[in-house]
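*Asks:* Each chain is listed here by its residues.
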Amino acid sequence: MSEVVGIAVLLWVVVTLYAVLAGADFGAGMWDLLAGGAERGARPRAFIDRVLTPVWEANHVWLIFMLVVTWTAFPQAFAAITSTLFVPLSLAALGVVLRGAGFAFRHIVRGTPGQRAMGATFAGASVLTPFFMGTVVGAIATGGVPPEGGGDQVTSWLNLPSVAIGALMVATCAYIAAVFLVSEARKAGDPEMQGYFRARALAAAALAGGLAALDLVLMSSASPQLYADLTGQALPLVIISAALGLGAIIQVLRGGGWARTLAVGAVTAVIWGWGVAQAPDILPGTLTFDQAAASSSTLITLFVVFGAAVLLVAPSLALLFSLQQRELLGEDDH
Amino acid sequence: MSLPLAASELLLARQQMAFTLGFHIILASLGVGLPAITLIANWWGLRKNDDAAITLARRWSHAMALLFAVGAVTGTVLSFEMGVLWPRLMARFGEVLGVPFAVEGIFFFTEAIFVGLYIYGWKRLSPRAHLLTGIPIVIAGLGGTLSVVAANSWMNQPGGITMDSAGKVTDVRPLEVIFNGAAGYEVPHMLLAAYLVAGFLVASIYAVGWLKGRRDRIHKLGFLIPFTVATIAMPLQFLVGDTAARAIAVDQPAKFASMEYILDTGPNQTEWLGGVLVGSQVKFGIGIPDLDSILVGFSPSTVVTGLDQIPEDERPPAPTLLHLAFDAMVGIASALLLLVGWFAFSWWRRREPPESVWFWRASALSGIGCIVALESGWIVTEVGRQPWVVHGLLRTEDAVTGASGIAVSLAAVVVLYTVLGIGTILALRAMSRRWRTEGLTEQGVPYGPPADEEAT
Ligand code: HDD
Ligand code: HEM
Ligand code: HEM
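Sequence order for the protein chains is A and B.
Count along the first sequence from 1, add 22, and you get the number used in this note's numbering.
Count along the second sequence from 1, add 5, and you get the number used in this note's numbering.
Looking at chain B on its own, in the form it has when it is part of the complex (with noise of 0.2 Å):
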């Protein structure tokens, strides 16, 4: 091994803190966007006394609770990585990053009593007081993400501190490191990335159903609920990823100019799609002038700052890296947004989803193509942070432990989380098979008289 012990230690560390984080916040997805389908289909059968419907909320709210047993253990590893890997930015920064995770807390206690209510509620509560059981848990869904993506944000724009000569923090204005000046478009985005992950992909299950030729109503509405509210979160989520790019070509300059392939600060600047940079050359890229500037400012005189002004030493590594990941997002975000633009055209024609074999055949892969986006766009903010792990104030390399032994710890986390991954998939398989062969029995009454329920 060439690189010295302590650099290798540190990519070790960044590779376990980003798998972990990235095999969490699939689960966290479906944890903030899947109750929300769930209660939306529970309501609609209340109302429309759909028992398909209902059916639907009550099947979701198993694979739910499962969800949360494994997003609840991946994000507990989460916390211990935060002092076993980054000691050093937990001594300095701990007291500023734990303002919005002690936040989180509140919101993590209530969802995990809330789903307790929900998921063991179905039998002896009333349909009424059941269905409101199912609102804190959107709720704290939504304040979850805010306090988590809250934290993440202000790594990427630190504010609300004071710090003494030595550096060390002496006032912390809780309600600035909250909002900060990231938080207001990384916050929605991800909000919005949430439910359109637990759309997409809840819809793309039923679409590869549907392309089996089960074509009954639970199938149906199964598509049809989860992909209407991915329908609506689409073009939002495209509006609020433009306002985080405009930002960050402010804020962030050295990460947008990588991830656009800036080099040199001027007007006109090239838009470019694909490619690769091989010294300062974009290589097999297909490039618009004049587009970045526009996209950026409107126009194709303003000035763009290139990784010219960006010291050599503040620059992330990797910048190939970055601009294919956020490619995959812009792209993954162009396809879905025209299969959603399709669907809504044809709901709005003919009160029906489209009949081609090829929206379904899209639809089946909308639910893996989004978590790609998902993934992608946290590649561009953390490694385009780099070699900041809170910006400007605290780099990666003076942020992690001086214990060795993380390869073993990295490869068992990847171990067990294989593991844990195959298991969740299979168990959600085996879940949905015996659906299926229970069929129709147990779609009779899931709000039952307690005289039926001494089967357990």
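For reference, chain A alone in the conformation it holds in the complex (with noise of 0.2 Å):
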């Protein structure tokens, strides 16, 4: 049974950290795209490239844990899970390939028309892939996935409560990635950019915030038990999220240097309120966490992996940012 709790808190961490580190590189594809023409949008898009450039490929492991654990952990849940969502998931995937292919060969497309489908390739498929994956979350907060799968290919996400949590989820990308661009910028000392991306951070966060307004209001018919939950046991988790979304606002405004810090933690604090308002459900209201566990001796495995990949993957990041920090790499203008 512990395990269980165990397995289901370390896949909420995985979902978290794609959240926040993919999340953000999603949204930073976002703000590529609206950048406008060539000319005009030249600077940010840079600002943004430099930015993203040397770890965007370990970000995005993340979203593979996230599969792998659910599929070792919870299988029967996660066989649900594919079975009825089949195309969101497809189209997330696509997503996936698009914004990878557009990103691999921008930097060595030279000329602007080919660099512009590039980007433009690479920025749209930062859409896709945040929308879809909302619209599954969407799904299985509002019970369209059954637990013995096979539910409805596309009522379960075409509906307007998992279309609308699909929206947030590309607001808090922008949002999350618009701060972090303040941050760089601040740090980078460059004010032109900081009160260009500070702009966008305040307009994301006034979206996304009035879409998760929204979606607690969809939620309550949607969902009602979701609902009750949200506003009850998980009720604390929401109000700090909204707390600190106010503080990173106050900070973008200020100039400060916590906004990041803060950005985070709102953003960190959404997805645990939505565990815990779903807890001890995987499936509201259909499957418990321990009713899809696999047995417990997959499950002790899964913590062994987990720690040798605590213990062989932090020294290797903190490597990184030490260097990254040190300024000892930088790109190979070969």
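These are computed hints drawn from the structure, not numbers from a lab.
Any given hint could be a false lead.
[To be verified] Partner residues are not named here, just some residues of chain A that face chain B (Cβ under 8 Å, in silico):
no. : residue
1   : V83
2   : I86
3   : V90
4   : P97
5   : Q98
6   : T104
7   : S112
8   : A115
9   : G122
10  : F127
11  : L334
12  : L350
For every residue, glycine included, the Cβ atom is placed at its ideal position computed from N, Cα and C.
Could you fit the two chains together into a complex? Lean on the hints.
*Replies:* Following this line, the structure appears as structure tokens:
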């Protein structure tokens, strides 16, 4: 039993890391998309590119961890989700392909038209994946996924509450990225970019806040039980999230150094709020984490592997960041 | 369409899985093999103070970055597909397959980090520190291959689990899952295949340059380093492949009987080269009496299990495809063995590669040939396992999704991957053209002092 709780927590840690780190990448892609024509957008695009490049691939690995941990620890839930949500998951994967390809080739294709096409693919795809992952979350939260799988392929996710969660996901990515970019511009001593992304951070924050409120309202009729839990056992986290989000806005406005931390905290609190609201169910109302769990030997193996991962990956990441901080890494203009 | 709906969806799902895996495996092989070759060039360049070798390492590392990005993308698609195409495989055995895939996650993460360090470390890290950042990439490639192929070989020879009477997994012994009965030959065979594909493919590019008259030191080393790696791996691959075939004759007799056209169980089995199976007749093939029995058990009297012993509904489909794929792999392997033998002989006598233009022409084709062998081998393994997805435990038709719409996703995948493949090749060519036109200027100081890098 306690292993199940441990693995569920682990899964949520991975989901959080994916949402925050990859979310920032996706959001940066969106700002790239919205930066305007080749000329006008040149400055922000170059800035985004410089901030984004070195570690992009490492962030993306969290998605794979998320899939693998889910199918290993909660195989029945994984199968239920994938057999029902074939369409949005395929479209999310499409976004992964387009984004990766656009990113990989953009640095190689020379000449503006080709570069622009690559850039547009990259940026457009940055919307696709978070949106459809959002509808997957929506479908799960609103009970569209039956525990034995094979739920309706269309109506399970193509409904107002799920689409609204997709939209919220997109807005959240844009928000995190803008806040990150403000912080980076501040660090780089670039007031022009700081101002540019400050305006965008505020706009995205307003949008995300509005959508979050709308989602709550929609949830109250689409999934009354989850709504009750969100405003019941998960209420503290919802409030913390709102408070941290507000704090981040204030920091952005003041040009303070805490904006990024507060924004990450706000997003983290939402994700954990969702988890706490759903608990002890992985599919609300129909399947608990316990019922969906793999054998305890599998779960223990996952802990061991995760421990090994921390021991191996943490020092590697520390090395990466320390070299980056000491400016020992740089693009090889070869 | 005369097929019942479920059967056609199954076929489409298998085709999508096969197509995306077949694409990914090329990138994965380069992802495993290329870092090793690059690091050898880097190490050689530092040791011998050879600028040409350093330039090569630097160029290959850029190609590596691109291939990694595409490999990661296609690999992520595979992870989605395990769920969306085969939900009932994951529902029953996800917790088993998850063990090696979780281990794989560690290696990929390490790999992603150190690829970043290696590529962005050329300019400002010390040469030694920079070389060291490459080593984890090579180790992660080994570990990654071990874990993914462990998952595949477990599907061929499942073990290390306990199931209740309803077939639900109740206990998993992770080490027995990873080191299953087939991993012993599949893992080294795939690992060597990765080094071979990378070695021959890179060498073949420089062989083409050689044929076009580019015979500077860069082209010479660019050929010699990867080709030497392939020369060492090739005979080993022959031995491992041979071991694999003998193991399969015992452990997966349906696969072996199909790929070798063994129809009736007994001694004195004929080895068929080529040929098409029509009914119970092998047409157009060259048969060598007794050889198959000799290969399996070193004696003509060795009894080999034939298809007659396999229940009709447990025989792999398309024995002709299996047989020809196996012949293609072994045929290409034999040709490549001759090629590396020629090279080794010439090197031993003269410390030079052969001069004959035929050597260079053959080498120019070796890369493509090796990829054909790789794909053929996977066809033998995967189609030969049918109708099982997990040998003896779960049939493929019981694993496939009930969702419709695979025709659309398959079509999308084919179009997208075609564009991705063409894009990758064009991008690599654009890189190589740039290297050639920039010529000597950039050969200067790869480990330059911080002062000269303000150009960015
Ligand atoms: C570079 C490519 C390459 C080369 C030169 C060879 N192989 Fe291979 N072979 C593969 C690449 C490959 C592979 C990577 O595609 C496979 C698929 C699954 C695996 O583990 O390796 C494979 C599978 C495979 C199998 C089926 C394994 C299974 O189903 O579990 C057999 C029996 C052989 N090989 C035998 C041989 C023999 C006898 C060879 C030489 C004489 C040979 N291979 C050369
Ligand atoms: C990377 C090289 C691989 C290639 C080229 C490959 C190729 C194929 C092919 C050709 C099929 C279709 C079989 C048919 O037509 O009947 C297939 C099916 C499948 N393969 Fe592989 N395979 C590879 C590795 C793996 C690995 C490592 C796994 C790990 C789990 C895997 C899992 C599957 C599954 C789930 C199916 C679908 C079920 C089936 O048709 O058997 N494959 N693969
Ligand atoms: C024998 C077959 C396979 C081998 C040897 C292999 C190897 C590799 C390697 C070396 C990479 C790193 C990227 C690169 O080098 O281009 C990679 C990426 C990846 N592979 Fe495969 N792979 C195989 C089959 C599969 C299968 C069947 C799956 C999933 C079901 C898979 C999932 C992945 C994922 C998720 C990534 C991306 C990891 C990242 O983002 O760094 N692979 N694979």
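*Asks:* So, for every hint listed, does it hold in this structure?
*Replies:* For each hint, the structure was consulted:
no. : hint : in the structure
1   : V83  : holds, 5 Å
2   : I86  : holds, 5 Å
3   : V90  : holds, 5 Å
4   : P97  : holds, 3 Å
5   : Q98  : holds, 6 Å
6   : T104 : holds, 3 Å
7   : S112 : holds, 5 Å
8   : A115 : holds, 4 Å
9   : G122 : holds, 3 Å
10  : F127 : holds, 5 Å
11  : L334 : holds, 6 Å
12  : L350 : holds, 5 Å
No hint from the list above goes unmet by this structure.
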